[in-house]
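A.B. asks: Chains as they are written, first to last, in my numbering: chain F, 101 to 347; chain H, 101 to 347; chain E, 101 to 347; chain Y, 101 to 347.
Where hints are given, some of them may not hold.
Copies of the same chain look alike in the list, so a pair counts if it fits in one copy or across any two.
With a straight-line cut-off of 27 Å between C-alpha atoms, the simulated DSSO-like cross-links for lysine-lysine are [what the hints assert, rightly or not]: (1) LYS231 <-> LYS197; (2) LYS172 <-> LYS197; (3) LYS196 <-> LYS283; (4) LYS346 <-> LYS231; (5) LYS346 <-> LYS283; (6) LYS254 <-> LYS196; (7) LYS306 <-> LYS283; (8) LYS321 <-> LYS197; (9) LYS197 <-> LYS346; (10) LYS209 <-> LYS254; (11) LYS145 <-> LYS209; (12) LYS168 <-> LYS196; (13) LYS196 <-> LYS104; (14) LYS126 <-> LYS104; (15) LYS346 <-> LYS300; (16) LYS231 <-> LYS196.
It should be emphasised that the hints constitute simulated quantities derived from the structure, not laboratory data.
4 protein chains.
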Amino acid sequence: MSVKAFAVIAGIGSGTGTWLARRFAKAYPVALLARNPESYEALVKEINSDGGRAIGISADVSSEASVKSAFKTIAQEYNDAPCAAAIYNASGGFVKKPFLETRVEDLGKGWTVTVKGALFFSQATIPLMLKHAEDDSAQYPPTIIFTGATASVKANAQMSSFAAPKWALRAMSTSLAKEFAPKGVHVVHTVIDGVIDIPKSQDMLKDMPWNARIGPEDIAKTYWDLHTQSRRAFTNEVDIRPMLEKW
Amino acid sequence: MSVKAFAVIAGIGSGTGTWLARRFAKAYPVALLARNPESYEALVKEINSDGGRAIGISADVSSEASVKSAFKTIAQEYNDAPCAAAIYNASGGFVKKPFLETRVEDLGKGWTVTVKGALFFSQATIPLMLKHAEDDSAQYPPTIIFTGATASVKANAQMSSFAAPKWALRAMSTSLAKEFAPKGVHVVHTVIDGVIDIPKSQDMLKDMPWNARIGPEDIAKTYWDLHTQSRRAFTNEVDIRPMLEKW
Amino acid sequence: MSVKAFAVIAGIGSGTGTWLARRFAKAYPVALLARNPESYEALVKEINSDGGRAIGISADVSSEASVKSAFKTIAQEYNDAPCAAAIYNASGGFVKKPFLETRVEDLGKGWTVTVKGALFFSQATIPLMLKHAEDDSAQYPPTIIFTGATASVKANAQMSSFAAPKWALRAMSTSLAKEFAPKGVHVVHTVIDGVIDIPKSQDMLKDMPWNARIGPEDIAKTYWDLHTQSRRAFTNEVDIRPMLEKW
Amino acid sequence: MSVKAFAVIAGIGSGTGTWLARRFAKAYPVALLARNPESYEALVKEINSDGGRAIGISADVSSEASVKSAFKTIAQEYNDAPCAAAIYNASGGFVKKPFLETRVEDLGKGWTVTVKGALFFSQATIPLMLKHAEDDSAQYPPTIIFTGATASVKANAQMSSFAAPKWALRAMSTSLAKEFAPKGVHVVHTVIDGVIDIPKSQDMLKDMPWNARIGPEDIAKTYWDLHTQSRRAFTNEVDIRPMLEKW
Chain F
101 MSVKAFAVIA GIGSGTGTWL ARRFAKAYPV ALLARNPESY EALVKEINSD GGRAIGISAD
161 VSSEASVKSA FKTIAQEYND APCAAAIYNA SGGFVKKPFL ETRVEDLGKG WTVTVKGALF
221 FSQATIPLML KHAEDDSAQY PPTIIFTGAT ASVKANAQMS SFAAPKWALR AMSTSLAKEF
281 APKGVHVVHT VIDGVIDIPK SQDMLKDMPW NARIGPEDIA KTYWDLHTQS RRAFTNEVDI
341 RPMLEKW
Chain H
101 MSVKAFAVIA GIGSGTGTWL ARRFAKAYPV ALLARNPESY EALVKEINSD GGRAIGISAD
161 VSSEASVKSA FKTIAQEYND APCAAAIYNA SGGFVKKPFL ETRVEDLGKG WTVTVKGALF
221 FSQATIPLML KHAEDDSAQY PPTIIFTGAT ASVKANAQMS SFAAPKWALR AMSTSLAKEF
281 APKGVHVVHT VIDGVIDIPK SQDMLKDMPW NARIGPEDIA KTYWDLHTQS RRAFTNEVDI
341 RPMLEKW
Chain E
101 MSVKAFAVIA GIGSGTGTWL ARRFAKAYPV ALLARNPESY EALVKEINSD GGRAIGISAD
161 VSSEASVKSA FKTIAQEYND APCAAAIYNA SGGFVKKPFL ETRVEDLGKG WTVTVKGALF
221 FSQATIPLML KHAEDDSAQY PPTIIFTGAT ASVKANAQMS SFAAPKWALR AMSTSLAKEF
281 APKGVHVVHT VIDGVIDIPK SQDMLKDMPW NARIGPEDIA KTYWDLHTQS RRAFTNEVDI
341 RPMLEKW
Chain Y
101 MSVKAFAVIA GIGSGTGTWL ARRFAKAYPV ALLARNPESY EALVKEINSD GGRAIGISAD
161 VSSEASVKSA FKTIAQEYND APCAAAIYNA SGGFVKKPFL ETRVEDLGKG WTVTVKGALF
221 FSQATIPLML KHAEDDSAQY PPTIIFTGAT ASVKANAQMS SFAAPKWALR AMSTSLAKEF
281 APKGVHVVHT VIDGVIDIPK SQDMLKDMPW NARIGPEDIA KTYWDLHTQS RRAFTNEVDI
341 RPMLEKW
């Protein structure tokens, strides 16, 4: 079956990625990237058996060669289709540490996944989105969304290793928005301000009421709403927080 | 017919208000406020004949008595229903003037409509939204949206009379978001960054391509998308601009 | 004795104003504005007996007529001298109140003093600063400084009546900086982020260590440092906080 | 001669560093770091013959070993003195390039010098500043200043490789300010918004009037003013621009 356009999501293992994949799979064949196949195998099966179409690809977003290889596989599987939506949901992991105990590796991990990975992912997807932007029959403008966090706009004590790469990613997203909007590509940065209600956060969440937690399915709704904006109304940044969040 | 909940929009004459009214009227009976009945008469007729329900009320948002009187009328017409959505789309009008020629009246006009009006409108609607927030059968959290502009986040030369009230409104929206989110009310400020494609802007628009203009129907889509966010994913600010906007 | 240039400070009663007056009086004859003569009488006497030169003028900054009258007095006393430095240190007073109990008067008080007063003060001083900017023998560029607060950049719950005017003032300062820097006038906005160690704050301060409080004499040092910047290095905003402030 | 406290400046070759060194050398023995000895040799001679005290050290700030070795030399030369002031003025160099032509090396260069270098420099200096903070006879609180640029707060099209590291540095500075202010260390980030009037910018400057350029000696004045703030009035960020800058 020929694919008209696909969606790609990097960072499937996070819990949020699962819901993003389900949402975008209602409209597009999806390609799901994660380092570990266990992160996507059940989800690929679920989407394919629910009438959608999904492929999973093991990839290390911090390696340019690995990202290139993943997009070669996508091109083969999805017959060189253009890209309708790309979501960069990978992150170097939370770090909080007294500054004088910080090692360059702490900072480097965030840099590698959050920033370098975003560079490789964007360079692989944007050309495929420029192609989609020229397709007058496309329903929505091609959209690339970068997932940020509270630390993308705040930099609290002991948080420089986490915040510095997040601020850098926000800068990159802003710069891309200005460069590619005139060519029809919609670029968005999100500030996910709170704890997401996903399995790996259960320890942190156990005393938090349901409405102090961000719903991953609700993040997916907002990402879809952003994707379906017209070229006459691009949103380039949104914040997302649960009703009980202090900010 | 009993009304379960209504939506109210202040500032219908602007062009954007028309599209907001059409969108929200698909889901709720709407109350449309404008100083001049000519601003809403045709629209009220259109909505009512299309199967929706609308009332128009002549009101001066800068007068507390007038706002109170308008909400008394709404209570009568819509049987004391709670408020599901409220949009403050009124504005004191664009002013650009050398500072030394600025009169206190230039500044005062923006203050009166943009800030005082928002105070009166919020005080009238928030109690009706708190009531809606307690209704477990409500589909979406009650939402109040304040329409801002480029000048809400920038303050260029000769623009203090326009920007000062807009910055003040953004402060008010932020403060309300923090006070009322824990009670289930969703408060949003929007930065409409560009020229909206509405009749009254035609002079300014005549040399601008379609995709350098913001679509008012696209603003309405985004406002609706914001209203339908869950209590586990409130967005408190969005920017909206056309693909060809420089920023 | 002929006056080459003078400095003017509005808002002397606040405690900080006293230190600002002392600092600027080392370099310029000063004019001190306060509603109540008791706010400046002892200070005027002190400065004049310490070898400086000071006049006090009773003025209501929220009244255009009163501000004009004050500057007429200054012109007479200081022989139509240009203005080297102007500090707007007046404020409508702190307000924190549940939004639904807020009255338009709560908001209006801040608006009147913080924003309208700044307009009148700026319109009175900027022409006298443009004159100073043309004087090649002037040692420093003419400088107008607006005193802001934490609430100039944050808008917490229940703070809209305080924050809205402060955000508006910040917008005005930014706009003035952009309009008048090219003409040689240096415009600055300060974010005083913390409690100032002045007599009227003693209740709030009693359990706070000395280094959790902002020193009013230290604010004066920074204002003077800003005034003495050259036309090749204007700072348009500074934050000021004590070492123990959380932010 | 025993040294009570020293100042250290990284990034001497830039032109601004020269003026920073001259200014701080009026008060402290200085240590000047640059990759290339040619960058500091004449300056070290000048300061020493003008009655100041200076040492130059060849160091690569992007190498942890090189930074450690430099501070070992400083400790030997300046008898393990505490550090009164540290200025991180190094930068990865300006890059502007279409995003799809950007190489990971373009981004990496900024990351290495601007962010990793700042980490190494901060980790070497902060312990020596904590020591100085405990010295009650010290005249001014120890101060570390990071030099940023327009791109620290803006991220224009084609500028992601330059802006991303600058935003990251601003995050790091903010985080350090919050962690170390309570321990008496003053941390500042500066936004140098314009072209500095230094030899290496002459091509860019040739059609710009003198007051459209930032004076490097004026940057030095502001850095000194920041250093001399008391613990009751820390400024954590300043912007600096010439009077003719558009912003």
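A.B. asks: Any of the earlier hints contradicted here, and which numbers?
C.D. replies: 8, 11, 13
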